[in-house]
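Engineer: Throw the hints in and build the complete structure from the sequences for me.
Protein chains: 2
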Amino acid sequence: MITIEGGITSPKGFKAAGVKAGIKKDKLDLAVIYSELPARCATAYTQNKARAAPIQVMMEDDAKSLRAFVINSGNANALTGPRGYNDARDMQRMVGDQLRLEPKEVGVASTGVIGRFLPMDLIGKGIVQACKELDRSVEADIDTAKAIMTTDTKMKSFACQTNLRDGTLVTVAGIAKGSGMISPAMRTLHATTLSFVSTDARLERDPSGKWQQIMDSSFNVINVDGDQSTNDISSFMANGAAGGGPADDDPSLWEAVMWVAKSLAKAVAVDGEGATKLIEVLVTGAKDDQEARVAARSVVASNLVKAAVFGADPNFGRILAALGNSGSDFDIAKVRLHLSNGKKVTLFDNGSPLIIPGSNEENLARNILKEKRILIELDLGVGHGRGEAWGCDLSYEYVKINASYTT
Amino acid sequence: MITIEGGITSPKGFKAAGVKAGIKKDKLDLAVIYSELPARCATAYTQNKARAAPIQVMMEDDAKSLRAFVINSGNANALTGPRGYNDARDMQRMVGDQLRLEPKEVGVASTGVIGRFLPMDLIGKGIVQACKELDRSVEADIDTAKAIMTTDTKMKSFACQTNLRDGTLVTVAGIAKGSGMISPAMRTLHATTLSFVSTDARLERDPSGKWQQIMDSSFNVINVDGDQSTNDISSFMANGAAGGGPADDDPSLWEAVMWVAKSLAKAVAVDGEGATKLIEVLVTGAKDDQEARVAARSVVASNLVKAAVFGADPNFGRILAALGNSGSDFDIAKVRLHLSNGKKVTLFDNGSPLIIPGSNEENLARNILKEKRILIELDLGVGHGRGEAWGCDLSYEYVKINASYTT
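These protein sequence lines map, in sequence, to chains F and C.
Heads up, the first sequence is in the numbering used here, so the first residue is 1 and it goes up one at a time.
Heads up, the second sequence is in the numbering used here, so the first residue is 1 and it goes up one at a time.
No lab work stands behind these hints, which were simulated from the structure alone.
There could be a bad hint or two in this list.
In this list, chains with the same sequence are indistinguishable; a pair is considered to hold if it fits within one copy or across any two.
[As the list claims (entries may be wrong)] Calculated pairs, BS3-like style, for lysine-lysine (alpha carbon to alpha carbon, straight line, at most 30 Å):
1) K344 - K400
2) K343 - K146
3) K277 - K132
4) K370 - K132
5) K104 - K125
6) K334 - K400
7) K370 - K400
8) K49 - K344
9) K370 - K24
10) K370 - K25
11) K262 - K146
12) K24 - K343
13) K334 - K104
Structural biologist: So, in structure tokens, the structure goes:
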């Protein structure tokens, strides 16, 4: 597998466009992604019961194949009742009209402020323009990735290529947005981070099971603020344009898809609202992989751990308190806690703290915490389970952004 | 029931003292509470699996009767291994030696920084002093309430009196501390907010069941930051010194105990680290009371709701998103959401938002959110369950306090 410079249209047969529809003030806010061939797809949705209208529509359709996706930012079309539902259906129909597709061949997603009706006149004009501008180019990739952003400070786009067992070169690419209200727990069939992964690999079977596994090790282990969104969605589309035999069971493909999904998820974590640092947690020695992920996520989700990392305060007890709240099994007498970033310091071992106030170890821990990327390693001492999670620190800026979001 | 000015020693037969043991720099940091008669007790503990040493000791002893309680602040004696365990046992023994009690007749609790060993020489001297100074007075009440505080800005102490069915006048009083790491879920038998409730009512049966019910409607529905502590404990002691018949089934007593517990819990919420406002959530129309409490707590626990309230931003979609994450059942087409503080504004009804940007209603909502106490009322539209929860907003000050807690 090699990483390449590229975006959502790097895989063959995909086109895209991002335009300024006017939902936001003079910013890209509407994107259309188009596949020249029907793309076998799997989509994961938020488990928040207050589902946005586009999520309702997508879950009803439960499409196994898609030709296009329309996405707007600036307005989540969430908690907008029957009118919002009809607006989401209209977005599908408008794209269908432009691209000569059935409405159900068009995926729909929204992100932005909750509880406001969409400006459908602007959306309609934006869709017409985007469908006209569909292209396979660096500009199209960038405009599309930017059009789905809200409080994101950076666009999130990754691409890679790999050779399948039969020699076919396939490309996998993805874009994502997400900065606040990030605590996804997406389930396929029935995940506000939006992400879209495209590949030209050929699949013959429903990829939902594989996509769920990838979700559980990527988007579902990130946490910015513990608030699961009404609008999370993560969609995978494989259109087969690369040719070659079916790749359903080819590990190379799934490794490449996993790399794109993890890269996007980490990019969302590091660009969390107000984030100044990336917190990576690696849990080993858990009862199983699932418990390891749950423990890791509990640590990155703790406001107190986040605030301590922001202040470079080696208050490691909070990490273990968060572990204690995770519900995962551990043996405190065997738990080991390390902090690292090139250098490594052990904070807790054999059931006891190893850090004494004012010691060299405490200073080393403090210096590690001043870095931009902090790795917390926790061995739970009860098994061989292993899992990772990613999050960001809690800063003044997070509070500032969220104290005046609609103002 | 009448409320009275008073503290932990207002019920007959209780004495207390708070002293400066030197754990904190020149601040009250160690308290002893003493009952002249054996007090029937019920204690609720944190469900965090990384339990502090004093919690381990208390859960092992599972005392049904106590004569005294020793509490220190400034150091949580948590994650301190076998040495910490022995230190907690030594605290029981030291108090027992001074007051001629069995160690197991002495409750023990700690709060403060996690992962540091207790300065047992200072603790020992503090215990000797506190046991000498035990008194039933306004000063003793105040010193005791202050000695258990950490980042609290206000002492939390409430007392009331009620007449039982047989005419006996009983007094119920309580103190609590708690400001950060507040998201308790305490269970009796097997909650860092500490609270101690004393009464001179006479009980003949184990009050654990009643105490759990009271916990579930008081401390277990408050949230400052979502981090359940390693050290939460809430203990109820009834010593019978008021005389009269057994009060086990007397509603007046439990109403008085509930009032003290709720008053303490709300006082902890409003004094949350960095808090500028009290957020009260009242959920009605839930499937049952339990689901109502879970929904209400999910709303006060949301970082995004907290930040919006801090900024007086009427971003009500976050309230419904938090409801959606609670797991509680609701019918979005029937959900109603009001914001009130004397004035009242309806934000959502019939499945649709009622607030339009720039409208008078939006301005009214904004003005309500500028108050110091905000009531959020949510009707879930599916039943008759009713529940409350209390929390505080998320401010710059919270981040500041927690970015440098040990520094």
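Engineer: Hint by hint, say whether it matches the structure.
Structural biologist: Going through the hints against the structure:
1. With identical chains, the CA atoms of K344 and K400 are at most 30 Å apart between copies only, with a shortest distance of 26 Å across copies and 33 Å within one.
2. Taking the shortest Cα distances, K343 and K146 never come within 30 Å of each other, neither inside one copy (36 Å) nor across copies (42 Å).
3. Taking the shortest Cα distances, K277 and K132 never come within 30 Å of each other, neither inside one copy (40 Å) nor across copies (51 Å).
4. In the homo-oligomer, the alpha carbons of K370 and K132 never lie at most 30 Å apart, since the shortest distance is 48 Å inside one protomer and 47 Å across protomers.
5. In this assembly of identical chains, the alpha carbons of K104 and K125 lie at most 30 Å apart only when taken from the same copy (20 Å versus 76 Å across copies).
6. Proximity of K334 to K400 under the C-alpha cut-off of 30 Å is found in neither arrangement, the shortest distances being 41 Å within a copy and 33 Å between copies.
7. Proximity of K370 to K400 under the C-alpha cut-off of 30 Å is found in both arrangements, the shortest distances being 22 Å within a copy and 16 Å between copies.
8. Taking CA atoms no more than 30 Å apart as the test, K49 paired with K344 passes between copies only; the shortest distance there is 26 Å, against 42 Å inside one copy.
9. With identical chains, the CA atoms of K370 and K24 are at most 30 Å apart between copies only, with a shortest distance of 27 Å across copies and 36 Å within one.
10. In this assembly of identical chains, the alpha carbons of K370 and K25 lie at most 30 Å apart only when taken from different copies (28 Å versus 37 Å within one copy).
11. In this assembly of identical chains, the alpha carbons of K262 and K146 lie at most 30 Å apart only when taken from the same copy (19 Å versus 49 Å across copies).
12. With identical chains, the CA atoms of K24 and K343 are never at most 30 Å apart, being 44 Å at best within one copy and 33 Å at best between copies.
13. In this assembly of identical chains, K334 and K104 lie within 30 Å of each other by CA distance solely across copies; the values are 29 Å between and 54 Å within a copy.
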